[in-house]
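> Sequence:
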Amino acid sequence: MTRIPEPRAEQVGTGPYGIEHLLAESREKLARVSPQEAYEIQRDGGLIIDIRPESDRLTDGAIPGALTVERIVLEWRLDPAGNHRLTGLHPQRPVVLVCNEGYASSLAAAQAQELGLTKATDLAGGFRAWKEQGLPTTTAVT
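Numbering-wise (UniProt numbering), the sequence shown opens with residue 1 and increments by one.
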């Protein structure tokens, strides 16, 4: 049996592999939005979808009117042709995905575009940026 050598530490994450590459590739597909832009998208009928864990929403608060979808089921809920899709979801409806800092949401938004949500994007800086801008949030449970 041929043994495959382990990559050296300096090789990990280089080339077309690794999370940094995947994140950069995902963000190339997106027109990421600022907190104010996300607020306006929601005001104009777009969806904000919070993919943070429930514990984060309880601790830090949430965006009023945002839908919450745990990351584990996100693709099933975002498939515009799927049986488990969110109500009111269609390919042309703007969708802004939100995580804590804007990393996981970039990956999820790129995946949403691949599912057919052509206007999917994410919130640059995530929920933390939203809150820092003084935009409305629900009260955190303390």
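Quick caveat, the hints were computed from the structure, so don't treat them as lab data.
Worth double-checking, as some hints may not be accurate.
As the list claims (entries may be wrong) - DSSO-like cross-link-like pairs, simulated, lysine-lysine; straight-line CA separation at most 27 Å: (1) K119 with K131; (2) K29 with K119; (3) K131 with K29.
What the hints assert, rightly or not - Between beta-carbon pairs, the in silico distance windows are: (4) P53 with E25: 20 to 26 Å; (5) A81 with T59: 18 to 24 Å; (6) A81 with L58: 31 to 37 Å; (7) L22 with I72: 27 to 33 Å; (8) H84 with G134: 33 to 39 Å; (9) E75 with G134: 20 to 26 Å; (10) T138 with H21: 33 to 39 Å; (11) P136 with P16: 38 to 44 Å; (12) E37 with D60: 18 to 24 Å; (13) R128 with L67: 15 to 21 Å.
Owing to the predicted nature of the structure, the values given are computational and were not obtained by experimental measurement.
Note that beta-carbon positions come from the ideal geometry of N, C-alpha and C, so glycine has one too.
> With reference to the structure, classify each hint as holding or not holding.
Going down the list of hints, with the structure as the test:
no.: 1; hint: K119 with K131; verdict: 24 Å, holds
no.: 2; hint: K29 with K119; verdict: 11 Å, holds
no.: 3; hint: K131 with K29; verdict: 25 Å, holds
no.: 4; hint: P53 with E25: 20 to 26 Å; verdict: 25 Å, holds
no.: 5; hint: A81 with T59: 18 to 24 Å; verdict: 35 Å, violated
no.: 6; hint: A81 with L58: 31 to 37 Å; verdict: 33 Å, holds
no.: 7; hint: L22 with I72: 27 to 33 Å; verdict: 18 Å, violated
no.: 8; hint: H84 with G134: 33 to 39 Å; verdict: 35 Å, holds
no.: 9; hint: E75 with G134: 20 to 26 Å; verdict: 33 Å, violated
no.: 10; hint: T138 with H21: 33 to 39 Å; verdict: 36 Å, holds
no.: 11; hint: P136 with P16: 38 to 44 Å; verdict: 41 Å, holds
no.: 12; hint: E37 with D60: 18 to 24 Å; verdict: 21 Å, holds
no.: 13; hint: R128 with L67: 15 to 21 Å; verdict: 19 Å, holds
Comparing the model with each earlier hint shows violations of hints 5, 7 and 9; every other hint is respected.
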